[in-house]
Amino acid sequence: MTDKFPLRATFWRVVAGLILLAGVYALYVRVTEGLGAVSNLSDRFPWGLWVGFDVVTGVGLAAGGFTICAVAHIFNIHRYEPLTRPAILTAFLGYVTVIVSLLIDLGKPWNIWHPLIMGNYHSALFEVAMCVMFYTTILFFEFSSSAAAKYRHIKPVGVYHKLVNKLIVPIMIAGVVLSTLHQSSLGSLFLIVPTRMHPLWYSTWLPVWFYISAIAVGFSMVTFEAYMSSRGMDHKLKFSLLSEIMRITGVLLVILFFGKMVEFGIDGKFALLAVPETETYMWWLETIIGVFLPVVLIFSPKAKTSRTWLFVAATLTVFGFLFNRLNVSITSIAKSAGVSYFPSFMEASLTAMLVTLNIIAFVWISKHFDLFGHHAEEGAH
Amino acid sequence: MKPKGLLFDVNRCQGCGACYDACKKEFNNPVTSADFLKDRLSADSYTVVEEYGDIYMRRLCMHCEYPTCVSVCPVSAFEKTPEGPVVYDADACMGCRYCMQACPHMIPRYEWDSLAPRVQKCVMCHHRVVRGEETACAEACPSGATLFGDLEDLKKEAKRRLEAEPDRYYQHIYGLEEAGGCNVLLLSPIPFHQFAYDTALPKEPLETFTMAALEKVPGIVAFSSVFLGGMYWLTKRKNKIAREEREQNKAENDDR
Chain A
461 MTDKFPLRAT FWRVVAGLIL LAGVYALYVR VTEGLGAVSN LSDRFPWGLW VGFDVVTGVG
521 LAAGGFTICA VAHIFNIHRY EPLTRPAILT AFLGYVTVIV SLLIDLGKPW NIWHPLIMGN
581 YHSALFEVAM CVMFYTTILF FEFSSSAAAK YRHIKPVGVY HKLVNKLIVP IMIAGVVLST
641 LHQSSLGSLF LIVPTRMHPL WYSTWLPVWF YISAIAVGFS MVTFEAYMSS RGMDHKLKFS
701 LLSEIMRITG VLLVILFFGK MVEFGIDGKF ALLAVPETET YMWWLETIIG VFLPVVLIFS
761 PKAKTSRTWL FVAATLTVFG FLFNRLNVSI TSIAKSAGVS YFPSFMEASL TAMLVTLNII
821 AFVWISKHFD LFGHHAEEGA H
Chain B
71 MKPKGLLFDV NRCQGCGACY DACKKEFNNP VTSADFLKDR LSADSYTVVE EYGDIYMRRL
131 CMHCEYPTCV SVCPVSAFEK TPEGPVVYDA DACMGCRYCM QACPHMIPRY EWDSLAPRVQ
191 KCVMCHHRVV RGEETACAEA CPSGATLFGD LEDLKKEAKR RLEAEPDRYY QHIYGLEEAG
251 GCNVLLLSPI PFHQFAYDTA LPKEPLETFT MAALEKVPGI VAFSSVFLGG MYWLTKRKNK
311 IAREEREQNK AENDDR
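Those protein sequences? They're chains A and B, same order as listed. Taking our numbering as reference, the numbering of the first sequence is continuous, increasing by one, and the terminal residue is 841. Taking our numbering as reference, the numbering of the second sequence is continuous, increasing by one, and the terminal residue is 326.
Some clues are possibly wrong.
Unchecked claim - Restricting the straight-line Cα-Cα distance to at most 30 Å, the calculated cross-link-like pairs of lysine-lysine (BS3-like) are:
#, chain 1, residue 1, chain 2, residue 2
1, A, 622, B, 310
2, A, 795, B, 108
3, A, 729, B, 273
4, B, 150, A, 568
5, A, 729, B, 286
6, B, 306, A, 610
Just so you know, these hints were derived from the structure itself, not from any lab.
Based on the provided sequences and hints, a complete structural model is requested.
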């Protein structure tokens, strides 16, 4: 289908090629010269773009995998089934990307398995590490079993498909439980720095805000991808389903906002919203882009008929989420760190490379597998 | 062995740098600055002496009673020894740097240019302490500004100095209660925030903030498993009943 637009396809391929080239070079520098040479990380700023974006944001963006799964297969609302495969694929690719970026960010990546035997129950990062490890395995089962359906006639594949399908309900429940734990624990990571973090973001409710916003952004990512792939790959958009999950997203964003306002009221933090400093502007940016605008779009009458409005609302939610996670992990720490941090070109290149590989993998798999179910689905054309 | 500690008194420090040199020598660390007063903590400098007008303040690991680094490390690479020092095992470390992000005193440093980087910080000369010796810095100090001894004795001594000469001391022992208390105690004539020491730290260990969330994990696992299992069973049953009713209605309509 890309053949229809040979020029555009070529342009994006060139862009992707350049990004990959820069990424591979940065990876070479990371492996041969170390973290200091490749990044702007420092003793004062030990966590940067790779933790803030690739890990903390990336895991959130992949949350659609567990939410859609819960709705369609645990709450048995079967009309959501057409969304499960793309959501699970997104999640699986997302988590693999998180693990790859950890291998880049960790000083001694060959010790990445150490949490398994040297655990520490007092560490939020230990909990996140274990959950990510187990949940990625679960996503592998969930995705591979539906991918295996195509090759069921080959005996071992058929046996595997049958076995996983027998256990799929407990597997899915475990997936939702693990996601609940680590999506919120990513927020708990920052509970340990009460005096270092800017009060606009520090809150004992951080894990709860992380969990709610992850569910909201998971739905938005599913909508975003469905729209993008309906343009790029010419299949029917499940508009009514997407508009339903975006309304849920809207409700969640409203809950999130009022929850934060109650917390601000209890802790007497309203005055901070008018302090003229970078942190305040960043807070308003994330709130306007990630809460106000999407909520207005989602609940306007236009959203019931316009795919584009829905898509714009989803995109804004995703960007607002991105701002929030980067604010929590970078902006809020900057002042107490006493130094400013901005990712180096090579840090950004590596992140861009991983995002690009993610997109390429998604497009390739969705071409070769019946991802959006438009052959199986009610003869949908 | 009783827990050991260090007491540093700004009023007694002459800014000679003997502690700085002794520390470098003890750990075979390379020279990092032509002027030791300009040097800052790094993977090669576990302690520094900082100049504030005509007084001097040391900076080194505080060896917390409930160390944040120990609590956040996902691979248990840090250990609070019974002798007092907080030590680090580079072989266990995977290099996540959560310790650096979380330390309330911003002490741990990293070997950014190494291909097998380690976290570095003062270990209160643990190897010497277990042999019954004092730390290299305390041994080298000519003025008694850095004092090594049993932590309880040092606490008493610090309090005694504040009472004996109230005019010479700002009435606070830094490290006595900060984030659950430390094995390094600091005395000074001026408030500690002027040395960029965090004076807003809570009295409880910082891990209590994390544990308030983490201790809910078993409950969440139990509740959500039962809830999700129950929902699965209920909704499946509901769908089945709805389907049966539809079929029944259809059959009745066909009969008519």
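Here is how each hint holds up against the structure:
1. A:622 with B:310: holds, 23 Å
2. A:795 with B:108: holds, 22 Å
3. A:729 with B:273: Holds, because 22 Å separates the two Cα atoms, which is no more than 30 Å.
4. B:150 with A:568: Given that 30 Å is the threshold and the Cα spacing comes to 23 Å, the pair holds.
5. A:729 with B:286: holds, 26 Å
6. B:306 with A:610: holds, 26 Å
Checked against the numbered hints above, the structure violates none of them.
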